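Trainee: Given next are the chains, with one letter for each unit.
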Amino acid sequence: MKVTKIALILGLASTLPNLVNAATLEQVMKKGVLNCGVSTGIPGFSATDSKGVWKGIDVDFCRSVAAAVLGDASKVKYIPLTAKERFTALQSGEIDLLSRASTWTATRDTSLGLNFAGVNYYDGQGFLVNKDLGVTSAKELDGASFCIQAGTTTELNLTDYFKSNNMEYKAVTFDTSGQTIDAFKKGRCDAVTSDASQLYGLRIKLDDPKSAVVLPDIISKEPLGPVVRQGDDEWFNVVRWSLFATLEAEELGVTASNVDKQLKSANPSIKRLLGVSGKAGENLGLKSDWAYQIVKQVGNYEEMFENNVGKNSPLNIDRGLNNLWNKGGLMYAMPIR
Amino acid sequence: MAVYTMKEAKPAPSTSKGLVFWLRENLFSTIPNTLLTLLGIYFIYTTIPPLLDWMIFDATWSGTKEEVVKEGARWIFIIEKFDQFMYGFYPEALHWRPNLVAIISIIFVFFIPRLSSIKIKFVSMLLYPVVCFILIRGGLGLEVVGTEKWGGLMLTILVAAVGIIASFPIGILLALGRQSDNMPIVKTLCVGFIEFIRGVPLITILFMASVVLPLFFSDGIEFDKLLRALIGITLFQAAYIAEVIRGGLQAIPKGQYEASESLGLSYWQGMILIILPQALKISIPNLVGSFISLFKDTTLVLIIGLFDILAMVTLTNSDTSWLGFEIEGYVFVTLIYWVFCFSMSQYSRVIERRYNTDH
Chain A
1 MKVTKIALIL
11 GLASTLPNLV
21 NAATLEQVMK
31 KGVLNCGVST
41 GIPGFSATDS
51 KGVWKGIDVD
61 FCRSVAAAVL
71 GDASKVKYIP
81 LTAKERFTAL
91 QSGEIDLLSR
101 ASTWTATRDT
111 SLGLNFAGVN
121 YYDGQGFLVN
131 KDLGVTSAKE
141 LDGASFCIQA
151 GTTTELNLTD
161 YFKSNNMEYK
171 AVTFDTSGQT
181 IDAFKKGRCD
191 AVTSDASQLY
201 GLRIKLDDPK
211 SAVVLPDIIS
221 KEPLGPVVRQ
231 GDDEWFNVVR
241 WSLFATLEAE
251 ELGVTASNVD
261 KQLKSANPSI
271 KRLLGVSGKA
281 GENLGLKSDW
291 AYQIVKQVGN
301 YEEMFENNVG
311 KNSPLNIDRG
321 LNNLWNKGGL
331 MYAMPIR
Chain B
1001 MAVYTMKEAK
1011 PAPSTSKGLV
1021 FWLRENLFST
1031 IPNTLLTLLG
1041 IYFIYTTIPP
1051 LLDWMIFDAT
1061 WSGTKEEVVK
1071 EGARWIFIIE
1081 KFDQFMYGFY
1091 PEALHWRPNL
1101 VAIISIIFVF
1111 FIPRLSSIKI
1121 KFVSMLLYPV
1131 VCFILIRGGL
1141 GLEVVGTEKW
1151 GGLMLTILVA
1161 AVGIIASFPI
1171 GILLALGRQS
1181 DNMPIVKTLC
1191 VGFIEFIRGV
1201 PLITILFMAS
1211 VVLPLFFSDG
1221 IEFDKLLRAL
1231 IGITLFQAAY
1241 IAEVIRGGLQ
1251 AIPKGQYEAS
1261 ESLGLSYWQG
1271 MILIILPQAL
1281 KISIPNLVGS
1291 FISLFKDTTL
1301 VLIIGLFDIL
1311 AMVTLTNSDT
1321 SWLGFEIEGY
1331 VFVTLIYWVF
1341 CFSMSQYSRV
1351 IERRYNTDH
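Chains as they are written, first to last, in this note's numbering: chain A, 1 to 337; chain B, 1001 to 1359.
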């Protein structure tokens, strides 16, 4: 019986290739809920609070898409996924959208049948050092010892960086990020290196978080963004423009608290964003107030950033590269018109 | 007439009783023993008091995160996140449902074996899983709670219980199948299944179930992730149970098989009335050992994104307001695991005694 079942499954798989590509937007609207893949716990990106409610910048992006498509940011079903299963879950149709701090790379974008819809966080490998060390730049770390997590690309990047700068280093590797920061606490290394967004989380675990600083140098590119299935351009557009809408809202100064007032704004860009004029929503296959719902229910990009990882959160991460293009960052939304 | 007077009893030789004797006999009998004893005392002295200090005397039991003492355990973290450790994301207003299931289960475990009526026993055994399932998942007028909301200790127990209960009958059938020399096809299938499953780690099976299997299904078929994991775990456990029971079957003397045949009993009658009761009885210690290891193996579901109680440590430590409480989380989970595994092994001894028919 088992054999016939497996044969049946294999048969099904060969006769029905990728039925999954069918219109995701339509399906989400029909189901009335967005299946959003998140992490199993990354501080500031996706994690639960004491009440079991999902919070984080990636979670807020799920909510934005739900607000745009369904008009209700709470209609999200969060599917926690480990790093290994995240792309399969998207390929198989278990989730409609993957918002799980995934780095946009050529391999992933081209060989997995997936598309990255944009970047909602520019991350990169950085360094956490003790203030007592008196170091202000990574270039001064010649001969230092580093606590790193084994089996990640972190070590590779570190080697490359030090080789290209003709410097020496000593690596002390650990299994988990918890062990890494413990070792740093006990003085077994001069610095910890990991993705900058994680370093801020690790810093809080120190007895005195103010005793250590994250250096401004970033030695690798880790653009994190939402992912959708390839071949469903309609859905891809919805996800991409939901992201742009949050950035556009920040640029235009539209926030969750003033969005109702802004509806009466004379600024044509704001009018088009909030659906007072233009056909942006209609062309996406959404209601005209799609972006209004995002800003009203979730907020603009600045609010998402500051509440989850920035000033208003314990992580206190600087905007840095994630600032708007006209404020020295890389965040640039295509115009809505 | 000589009167018999009882002689006064002599006191026991002073060296053969009492604390001093016991100490000398058991702890300081030889020089190596003395050294080991001293070493042991030193070890206890250096570990236990600091541990107690950390866990109890210097620990923080209440207050806010900001005013904790860093030297001791900060149990306020566990108190704050207690609901998540127990129920995962199960809606707070409905916590009574898993609680009720827990109470029913305790009653079931302790009172069902005492019932004399086989009929009531049988009916309640069939009803029990159905009632529990409806209570936890909902339906029949109760609000439905999707499996993605199940987690914590509740999920750990559920996965272990389903694994244990469902794998047991399958295991018995596999063991009998492997023993049946007169049915070569059945035997080959059983041997093949058992050896295949035992040749793969549980992690592989779970990965197959969570990552590979969905690729075969078209979009219309939604196959619950927890269900997939449960099927994987049940099949895995069944293979091990089969081998444990086969060990029991082989220990039954051939005379017993022949006796059941000469009584005119059919194969199944002989098995159910004569062979299996004896075989299962001698398999109890190994069965429970296998169940305990399954209980601990359930933590592997965390690699497919299900939040059992151990995975909850990581998740609750990702809350930006509560970073850096891993140690408290792991110690708490360790204690819970120990309590459950120890209770299981004690329960096994109770059952062993109850079914002990040695003369």
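Keep in mind that the hints were calculated from the coordinates and are not lab data.
Heads up, a few of these hints could be off.
Derived Cβ-Cβ restraints for the label pairs, each shown as a range [claimed, not checked]: (1) A:S111 with B:L1126: 48 to 54 angstroms; (2) B:R1198 with A:A171: 37 to 43 angstroms; (3) B:F1342 with A:K186: 40 to 46 angstroms.
Partial selection, computed: residues in chain A whose CB lies under 10 angstroms from chain B [to be verified]: (4) I42; (5) K55; (6) K186; (7) G187.
Nothing here was measured: the structure is a model prediction, and the numbers come from that model.
We put the CB at the ideal spot given by N, CA and C, even for glycine.
Trainee: Now, for every hint given, state plainly whether the structure supports it.
Mentor: Structure-based check of each hint:
Remark: the range hint 48 to 54 angstroms for S111 of chain A to L1126 of chain B is upheld by a beta-carbon distance near 50 angstroms. Taken as a hint, the range 37 to 43 angstroms holds for the pair R1198 of chain B and A171 of chain A, whose Cβ atoms sit roughly 39 angstroms apart. F1342 of chain B and K186 of chain A have their C-beta atoms about 33 angstroms apart, which leaves the hinted 40 to 46 angstroms range violated. For I42 of chain A, the suggested interface contact is upheld, since its CB lies about 6 angstroms from the closest CB of chain B, less than 10 angstroms.
A hinted interface residue such as K55 of chain A counts as satisfied when its beta carbon comes closer than 10 angstroms to some beta carbon of chain B; here the least separation is about 8 angstroms, so the hint holds. A cut of 10 angstroms between beta carbons decides the hint on K186 of chain A: the least distance to chain B is about 14 angstroms, and the hint is violated. Checking G187 of chain A against chain B by beta carbon gives a least distance of about 17 angstroms; that is not within 10 angstroms, so the hint is violated.
The structure fails hints 3, 6, 7 (numbered hints given earlier, in ascending order).
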